[in-house]
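Colleague: Respectively, the protein sequence lines represent chains D and C.
Here the first sequence is numbered in our numbering, starting from 1 and rising by one per residue.
Here the second sequence is numbered in our numbering, starting from 1 and rising by one per residue.
Quick caveat, the hints were computed from the structure, so don't treat them as lab data.
One thing to keep in mind: the hints can contain errors.
[Stated by the list, open to error] Derived DSS-like pairs (lysine-lysine); straight-line CA-CA distance at most 27 Å:
#1 D:K14 to D:K3
#2 D:K99 to D:K10
#3 D:K47 to C:K223
#4 C:K205 to C:K223
#5 D:K223 to D:K99
#6 D:K47 to D:K99
#7 D:K82 to C:K85
#8 C:K85 to C:K95
#9 D:K14 to D:K82
#10 C:K85 to D:K14
#11 D:K223 to D:K47
#12 C:K205 to D:K47
[Unchecked claim] In silico negatives: residues of chain C with every beta carbon more than 12 Å from chain D:
#13 T7
#14 T53
#15 I108
#16 V123
#17 A146
#18 L149
#19 F173
#20 S174
#21 P197
#22 P208
Just so we're clear, the structure is a prediction, and the values are computed from it rather than from any experiment.
The C-beta atom is built at its ideal place from N, Cα and C for all residues, glycine as well.
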Amino acid sequence: MLKTLFLLVKMFIKSQMEYRGAFIVDRVAQFIAYGSAYGAIWVLLYKFDTLGGWNWPELALLLSFQLLAYSLGAAFSFNQFKNFEELVRLGTFDTLLVKPISPWAYLTFSGLNIGYAGHIVLAVGLMIWALFQVDAIWTFSSGIYFFTTLISASLLVGAITTMIGASAMVLVRSNYLFSIYFGFWELTRYPLNIYPAGLQWIMMTIVPLGFINYVPVSVFLGKDVVVLGSAAPFLSLIAGPIVVALAMLHWRFCLNRYQSGGG
Amino acid sequence: MRYLAFTTSAFQTRLAYRGQVWAQILGELVTVFAKIAIWVSIYRGIVSVDGITRADMLTYAILGGTLLGAWEWPHLVNTISTQIKTGDVAVFLLKPLHYPVMLLHSEIGNLGFKLTMVVVPVVIITSSVYGLLPPASVFHGAMFVAYWLLSFSLLFCLSAIAGLLSFWLMTAFSLEWLLRSLISILSGAFIPLWFFPENIAAIIKFLPFAWIGFHPTAVYLGKMDVGQTLLYFLIGLGWMLFLAGIVTLLWRRATQRIVVQGG
Numbered sequence: 001m002l003k004t005l006f007l008l009v010k011m012f013i014k015s016q017m018e019y020r021g022a023f024i025v026d027r028v029a030q031f032i033a034y035g036s037a038y039g040a041i042w043v044l045l046y047k048f049d050t051l052g053g054w055n056w057p058e059l060a061l062l063l064s065f066q067l068l069a070y071s072l073g074a075a076f077s078f079n080q081f082k083n084f085e086e087l088v089r090l091g092t093f094d095t096l097l098v099k100p101i102s103p104w105a106y107l108t109f110s111g112l113n114i115g116y117a118g119h120i121v122l123a124v125g126l127m128i129w130a131l132f133q134v135d136a137i138w139t140f141s142s143g144i145y146f147f148t149t150l151i152s153a154s155l156l157v158g159a160i161t162t163m164i165g166a167s168a169m170v171l172v173r174s175n176y177l178f179s180i181y182f183g184f185w186e187l188t189r190y191p192l193n194i195y196p197a198g199l200q201w202i203m204m205t206i207v208p209l210g211f212i213n214y215v216p217v218s219v220f221l222g223k224d225v226v227v228l229g230s231a232a233p234f235l236s237l238i239a240g241p242i243v244v245a246l247a248m249l250h251w252r253f254c255l256n257r258y259q260s261g262g263g
Numbered sequence: 001m002r003y004l005a006f007t008t009s010a011f012q013t014r015l016a017y018r019g020q021v022w023a024q025i026l027g028e029l030v031t032v033f034a035k036i037a038i039w040v041s042i043y044r045g046i047v048s049v050d051g052i053t054r055a056d057m058l059t060y061a062i063l064g065g066t067l068l069g070a071w072e073w074p075h076l077v078n079t080i081s082t083q084i085k086t087g088d089v090a091v092f093l094l095k096p097l098h099y100p101v102m103l104l105h106s107e108i109g110n111l112g113f114k115l116t117m118v119v120v121p122v123v124i125i126t127s128s129v130y131g132l133l134p135p136a137s138v139f140h141g142a143m144f145v146a147y148w149l150l151s152f153s154l155l156f157c158l159s160a161i162a163g164l165l166s167f168w169l170m171t172a173f174s175l176e177w178l179l180r181s182l183i184s185i186l187s188g189a190f191i192p193l194w195f196f197p198e199n200i201a202a203i204i205k206f207l208p209f210a211w212i213g214f215h216p217t218a219v220y221l222g223k224m225d226v227g228q229t230l231l232y233f234l235i236g237l238g239w240m241l242f243l244a245g246i247v248t249l250l251w252r253r254a255t256q257r258i259v260v261q262g263g
């Protein structure tokens with residue numbers, strides 16, 4: 001089983017590396033694009049010093065945490081599930097169902113995206129710089145917390161993306177859900193405390209993207225967390241695993257209801 | 001007028017997927033809302049910064065996030081590069097029409113759809129919540145319309161250049177991301193040039209990107225007097241003609257190079 005998955009990953013990487021030059025140029029372009037978007041936020045902070053009580057190094061940590069969690073989670077989900085509705089619509093998904101391997105595992109590992117290399121280099125670089133700039137007391141437990149919540153956040157990204165894509169099994173079309181998702185995604189670039197209370201609640205419950213960066217980074221920096229208060233440290237650790245469990249139930253539910261779209 | 005059919009056809013194609021329009025509206029609404037929340041947060045307890053009031057900035061965020069970003073330019077980059085790569089472009093070379101002009105008309109159809117179905121509802125909703133200032137004067141209002149058309153034309157030329165360059169560089173992906181990064185910081189659609197460090201703003205305001213977001217909104221808000229408004233319009237027009245010239249040149253070179261294989 002593991003050997004098969006490993007082989008799938010290896011083959012996909014090989015196919016992506018077919019045009020090595022274009023692959024590298026694409027990664028550089030993404031690096032520059034995210035860098036410019038962050039540059040715009042830097043300009044804002046250069047002028048106004050803080051945004052919702054966060055200074056530039058703190059915001060840089062918020063942004064890099066989001067980007068790293070996103071790249072790690074999306075490598076296991078986005079590329080695979082953004083076109084999942086096509087697989088359903090054309091009936092290609094049916095051919096996966098008869099393979100002697102879990103269709104989820106096949107999809108995920110046969111499309112494991114190494115294209116996030118540019119994101120990861122930028123995220124790690126910015127994160128290291130930010131960690132040296134912010135006033136945070138490093139202890140053994142805060143280090144463990146930082147690392148664990150990063151994993152939890154990555155799981156959350158992967159699980160939500162998978163859930164949206166998998167909905168195509170029931171709804172046939174699911175890509176429009178991605179446009180809503182990326183709308184909310186935009187909100188995680190800034191500290192949640194600048195939004196009205198209603199929106200803060202949404203970002204902690206129905207669309208739990210607040211857990212991707214705002215909650216863990218706030219806890220790490222010793223800031224007050226809106227909505228959650230003192231429950232924040234614990235909830236940020238379990239948010240990822242909980243959503244993963246939901247995604248597994250959702251996947252099973254969709255698969256049971258799936259009636260094949262192609263033909 | 002024979003090109004008008006491409007406009008209506010593009011509009012009707014988009015209309016076929018009108019069921020998902022609500023998702024687009026929601027996604028767009030949340031994105032604009034994020035920008036508004038930033039200015040609300042920054043202007044808490046402040047009346048004006050460098051002569052720019054809170055009401056100015058809310059109007060700026062609504063216009064910059066909706067009207068001026070209405071056209072989905074990556075669609076053009078991808079259309080050109082796909083049609084060149086697959087050889088579909090040959091079909092248009094056989095017809096008695098000019099390919100770039102045809103693309104322009106088809107994109108006007110896409111823009112028309114986005115404006116009527118998504119942008120207008122989003123502007124109405126956001127401005128009824130946060131208040132949209134009227135144009136500074138009738139002159140500024142009329143010039144805003146002219147600037148807005150110029151903004152679309154410039155963006156069209158820039159995207160067409162990116163799409164045509166993929167002919168030589170073989171990767172539309174990185175060109176799209178590079179253009180995205182240039183627009184995100186240099187257009188001023190998010191952070192107006194007033195808030196940039198002065199020496200940087202002095203350069204950016206003369207680059208063509210500034211006519212995509214910053215200058216049109218500045219005119220709307222009456223931050224330029226009559227003379228300046230007309231002068232900058234002429235400079236922008238000059239950029240547009242220059243870029244249109246590059247599009248024509250690239251297109252001519254591309255058609256000379258084209259070798260369509262297979263059929």
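Colleague: A separate judgement is required for each hint: does it hold in the structure or not?
Modeller: For each hint, the structure was consulted:
no.	hint	result
1	D:K14 to D:K3	holds, 16 Å
2	D:K99 to D:K10	holds, 19 Å
3	D:K47 to C:K223	holds, 19 Å
4	C:K205 to C:K223	holds, 14 Å
5	D:K223 to D:K99	violated, 50 Å
6	D:K47 to D:K99	violated, 58 Å
7	D:K82 to C:K85	holds, 23 Å
8	C:K85 to C:K95	holds, 19 Å
9	D:K14 to D:K82	holds, 21 Å
10	C:K85 to D:K14	holds, 22 Å
11	D:K223 to D:K47	holds, 23 Å
12	C:K205 to D:K47	holds, 18 Å
13	T7	holds, 24 Å
14	T53	holds, 15 Å
15	I108	holds, 22 Å
16	V123	holds, 16 Å
17	A146	holds, 27 Å
18	L149	holds, 25 Å
19	F173	violated, 5 Å
20	S174	violated, 4 Å
21	P197	violated, 7 Å
22	P208	holds, 16 Å
When each numbered hint is compared with the structure, violations occur for hints 5, 6, 19, 20, 21.
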